[in-house]
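2 protein chains.
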Amino acid sequence: MSNLGTLYLIPCPISDETTPWEVLPEGNRAVMNGLDYFIVENLRSARRFLSKAGVERRIEELEFRELNEHTVAGAAVEALIAPLMEGRSAGVISEAGVPGVADPGALVVEAAHRRGIRVVPLVGPSSIILAVMASGLNGQSFAFNGYLPVKPAERQRAIRFYERRAAQERQLQLFIEAPYRNAKLMAELLQTLQPETRLLVAMDLTAPTEWIATRRVADWRKTTLPDLQRRPAIFGIG
Amino acid sequence: MSNLGTLYLIPCPISDETTPWEVLPEGNRAVMNGLDYFIVENLRSARRFLSKAGVERRIEELEFRELNEHTVAGAAVEALIAPLMEGRSAGVISEAGVPGVADPGALVVEAAHRRGIRVVPLVGPSSIILAVMASGLNGQSFAFNGYLPVKPAERQRAIRFYERRAAQERQLQLFIEAPYRNAKLMAELLQTLQPETRLLVAMDLTAPTEWIATRRVADWRKTTLPDLQRRPAIFGIG
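Chains as they are written, first to last, in my numbering: chain W, 61 to 298; chain S, 61 to 298.
Derived by calculation from the structure, the hints in this document are not laboratory data.
Some hints could be false.
Here are the in silico distance ranges between beta carbons for each label pair [claimed, not checked]:
| no. | chain 1 | residue 1 | chain 2 | residue 2 | range |
| --- | --- | --- | --- | --- | --- |
| 1 | W | 104 | S | 276 | 31 to 41 Å |
| 2 | S | 134 | W | 247 | 30 to 40 Å |
| 3 | W | 134 | S | 206 | 33 to 43 Å |
| 4 | S | 104 | W | 212 | 50 to 60 Å |
| 5 | W | 135 | S | 174 | 46 to 56 Å |
| 6 | S | 290 | W | 212 | 29 to 39 Å |
| 7 | S | 86 | W | 239 | 46 to 56 Å |
On a predicted model such as this, the values are computed, not experimentally measured, just so you know.
Just so you know, even glycine gets a beta-carbon here, dropped at the ideal spot from N, CA and C.
The task is simple: from the sequences and hints, build the whole structure.
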């Protein structure tokens, strides 16, 4: 057991507009400097992140392997953790934010737990938790539901389902959408939800253009909507 | 509108064993140094945190007001945000971790949104998101449910309810317990849950004694349990 590596979960910035050490604690630096093996969602952005963060080793000396939405559980994941079985530690880096949340990172974490490999999550920006904090909605009970369904009928049903659950269980319901569909989603939400339902929109979190508001649907309908298009956003019903 | 203050949500460490700047990004420092008014869950721990963090102003020059579980929505909350209506900014500090999550902070955030006051959440340690990251369970869909009910029958029902929902909706279900009841809760979970259900236990997050494991209930039953008593923990069913 004692000669297994450790799997570190290494957050990176959410927004390209921030420098790494504005949003990451200094304690992460020593961990990052100590690693030469990284399991990453996207090679290019992981290399750029480590380089901007100023890790001590040259990027060319580091080994990178990809774990993304095309990776399936099984042999590919076992191969990723094989070095840890031999005592080498690894860092998991997501495309943006914290690994293991709203990304494929959980596959490798699951395999690590099965093998008794220690998993260490580091602190960093999570748009989900930032959205809960800033929502003013129920932070004692909340759910992140990932992407809304794309097909119109299912999508409508999902919106009504989250509204009902938010009301019945007093549980804030969060979800996301591909940024180019945000404006359409907002129109659908304002059409479908009840006037008294409270709706959170949190955009560009941690960026200079960050914009967050929670309003009753009736009030959203009366205000000029902000530009939502192509800006990463989290929506919440509470 | 333009002469309203801003409401900053200021995380602090989860564990007494870490120094603030190990787990908080440097970007938070300038915000903290710029404030002279703090809305805090606990006066003593907020003062100690700001002092350990080395904020520039003397602690005696800062104004603190409490927002805790005894605060009710209404006049008390309006009084807390009155200074923001006059252009003064405020920082919200929770007992531990990020404000607005699993604490009474949402009350003041809600009031800020109603008045059009800008709300800015800063990055910091959230035991909930760290637990999701490190769980290896579904990070694409998860719910935080707060405390389990205390009464035995309701408690049993809640455990079965979360197990059913985790299975039916493939949604990781997280909950917490008062630390002195952890060992009892663990015994109840191992007795009540199905053998194939996966159970996460994440203790002392960010502390040197951090301990995290996800196992099938059948495997938990076969292993020697770690010491759970009086250690802050998050449990998850996935």
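Against the structure, the hints:
1. Checked against the hint of 31 to 41 Å, the C-beta distance between residue 104 of chain W and residue 276 of chain S comes to roughly 37 Å, which is consistent with it.
2. Roughly 35 Å separates the CB atoms of residue 134 of chain S and residue 247 of chain W, a value that falls within the hinted 30 to 40 Å.
3. Residue 134 of chain W and residue 206 of chain S have their C-beta atoms about 36 Å apart, which keeps the hinted 33 to 43 Å range intact.
4. About 54 Å separates the C-beta atoms of residue 104 of chain S and residue 212 of chain W, a value consistent with the hinted range of 50 to 60 Å.
5. Against the hinted window of 46 to 56 Å, the Cβ-Cβ separation of residue 135 of chain W and residue 174 of chain S comes to about 54 Å, which satisfies the hint.
6. Here the CB-CB span from residue 290 of chain S to residue 212 of chain W is close to 52 Å, at odds with the stated 29 to 39 Å.
7. For the hinted restraint 46 to 56 Å between residue 86 of chain S and residue 239 of chain W, the CB-CB distance of approximately 28 Å leaves it violated.
Violation of the numbered hints given earlier is confined to hints 6 and 7; the remaining hints are satisfied by the structure.
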